[in-house]
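Participant: Sequence:
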Amino acid sequence: MKVLVVDDHVILRKGIIQILKNEFSNASFIEASNGIEALKLLTKKVLDIALIDISMPKIDGIEVVKKAKSSQISTPILILSMQPEEQYAIRVLKAGAHGFLKKDCDPEVLIEAVKKVLDGKKYISENVANMLVNTTTYKPVDSLIELLSDRELEVVRLMASGKSVKEIAQSISLSANTISTYRSRILQKLNLKNNASIVKFAVDNNII
Numbered sequence: 001m002k003v004l005v006v007d008d009h010v011i012l013r014k015g016i017i018q019i020l021k022n023e024f025s026n027a028s029f030i031e032a033s034n035g036i037e038a039l040k041l042l043t044k045k046v047l048d049i050a051l052i053d054i055s056m057p058k059i060d061g062i063e064v065v066k067k068a069k070s071s072q073i074s075t076p077i078l079i080l081s082m083q084p085e086e087q088y089a090i091r092v093l094k095a096g097a098h099g100f101l102k103k104d105c106d107p108e109v110l111i112e113a114v115k116k117v118l119d120g121k122k123y124i125s126e127n128v129a130n131m132l133v134n135t136t137t138y139k140p141v142d143s144l145i146e147l148l149s150d151r152e153l154e155v156v157r158l159m160a161s162g163k164s165v166k167e168i169a170q171s172i173s174l175s176a177n178t179i180s181t182y183r184s185r186i187l188q189k190l191n192l193k194n195n196a197s198i199v200k201f202a203v204d205n206n207i208i
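With the UniProt record's numbering, the residue at position 113 of the sequence shown is 113, and numbering never jumps.
Hints should not be assumed to be uniformly reliable.
With a cut-off of at most 30 Å between alpha-carbon atoms, the simulated BS3-like pairs for lysine-lysine come out as follows [stated by the list, open to error]:
| no. | residue 1 | residue 2 |
| --- | --- | --- |
| 1 | K58 | K193 |
| 2 | K115 | K14 |
| 3 | K102 | K116 |
| 4 | K115 | K163 |
| 5 | K40 | K94 |
| 6 | K66 | K44 |
| 7 | K67 | K2 |
| 8 | K14 | K122 |
| 9 | K166 | K102 |
| 10 | K116 | K44 |
| 11 | K166 | K122 |
| 12 | K116 | K163 |
| 13 | K14 | K45 |
| 14 | K67 | K121 |
| 15 | K14 | K58 |
| 16 | K121 | K14 |
| 17 | K121 | K102 |
| 18 | K166 | K115 |
| 19 | K94 | K115 |
| 20 | K45 | K66 |
| 21 | K193 | K67 |
| 22 | K189 | K115 |
| 23 | K40 | K103 |
| 24 | K45 | K115 |
| 25 | K44 | K122 |
| 26 | K193 | K122 |
| 27 | K94 | K122 |
| 28 | K58 | K69 |
| 29 | K122 | K200 |
| 30 | K45 | K67 |
| 31 | K122 | K45 |
| 32 | K67 | K166 |
| 33 | K103 | K121 |
| 34 | K122 | K102 |
| 35 | K115 | K69 |
| 36 | K121 | K66 |
| 37 | K193 | K116 |
| 38 | K14 | K163 |
| 39 | K121 | K163 |
These aren't lab readings, by the way, just hints derived from the structure by calculation.
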C-alpha cells in the first residue's frame with residue numbers, strides 16, 4: 001500500500017505516518033510539504049490514498065482536489081484540517097475529495113477514515129452527514145459564506161490570521177494585486193468596510 005501524506009508541518013506528517021504504520025505494517029509512505037509537490041506526486045506515482053492538509057502554501061488542499069479531479073487522477077484524497085467542519089467539509093466533498101477529517105481527531109478515527117476510503121467509500125463524520133442532509137433539504141438564502149469562492153474563503157482565513165496582503169500573496173503564490181482584488185470582492189460580497197470587519201466576520205462565522 002502506497003500512501004501520500006501532504007502537510008507543510010513536518011511534525012504533523014511524521015505523526016500521521018506513525019499512526020498509520022502501527023495499523024498498516026506493509027504500507028510505504030511518500031511525503032510532500034505543499035500542494036504543488038502533491039500534484040506532481042499524484043500525477044507521477046501510483047498511490048492507494050493521499051492524505052492532504054487543507055491549508056498549505058502555494059496551492060491549498062481544495063485546489064489540489066479540484067486539479068486532481070480535472071486531470072482525472074484516480075487516487076482517493078482524504079482532506080485533513082484544523083478548520084471548522086461547518087465551513088469547509090461540504091466544500092471539500094463537493095470539490096471531489098473522498099473525506100474530510102479534523103486533525104485533532106483520535107488515532108482510531110483516522111484509521112477508520114483511511115480504511116473506509118481504501119474500501120472505495122467516502123468518509124464523513126456524523127456532524128458532516130447531518131449538514132449534507134440539511135443542504136439537500138433546503139438552501140439558506142442568507143448564508144454570506146456561500147457567496148464566497150473557495151479562494152476568497154481562503155483569503156478571509158489568512159487575513160483573519162493576521163497576514164498582510166503581501167504575506168498572503170507569497171503564501172499562495174499569487175500577486176499582491178490579485179490578493180487586493182480578492183479583498184475588494186470580499187468586502188463587496190459581505191458588505192464589509194475594512195480589514196477589521198473581515199476579521200470579525202471570520203471569528204463570528206468560525207472560519208478561524
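Participant: A separate judgement is required for each hint: does it hold in the structure or not?
Facilitator: Hints, verified against the model:
no. : hint          : verdict
1   : K58 <-> K193  : 28 Å, holds
2   : K115 <-> K14  : 19 Å, holds
3   : K102 <-> K116 : 16 Å, holds
4   : K115 <-> K163 : 37 Å, violated
5   : K40 <-> K94   : 22 Å, holds
6   : K66 <-> K44   : 17 Å, holds
7   : K67 <-> K2    : 21 Å, holds
8   : K14 <-> K122  : 24 Å, holds
9   : K166 <-> K102 : 29 Å, holds
10  : K116 <-> K44  : 24 Å, holds
11  : K166 <-> K122 : 37 Å, violated
12  : K116 <-> K163 : 37 Å, violated
13  : K14 <-> K45   : 20 Å, holds
14  : K67 <-> K121  : 21 Å, holds
15  : K14 <-> K58   : 21 Å, holds
16  : K121 <-> K14  : 25 Å, holds
17  : K121 <-> K102 : 18 Å, holds
18  : K166 <-> K115 : 41 Å, violated
19  : K94 <-> K115  : 21 Å, holds
20  : K45 <-> K66   : 18 Å, holds
21  : K193 <-> K67  : 33 Å, violated
22  : K189 <-> K115 : 40 Å, violated
23  : K40 <-> K103  : 24 Å, holds
24  : K45 <-> K115  : 20 Å, holds
25  : K44 <-> K122  : 24 Å, holds
26  : K193 <-> K122 : 40 Å, violated
27  : K94 <-> K122  : 12 Å, holds
28  : K58 <-> K69   : 18 Å, holds
29  : K122 <-> K200 : 34 Å, violated
30  : K45 <-> K67   : 16 Å, holds
31  : K122 <-> K45  : 22 Å, holds
32  : K67 <-> K166  : 25 Å, holds
33  : K103 <-> K121 : 20 Å, holds
34  : K122 <-> K102 : 15 Å, holds
35  : K115 <-> K69  : 21 Å, holds
36  : K121 <-> K66  : 19 Å, holds
37  : K193 <-> K116 : 45 Å, violated
38  : K14 <-> K163  : 27 Å, holds
39  : K121 <-> K163 : 37 Å, violated
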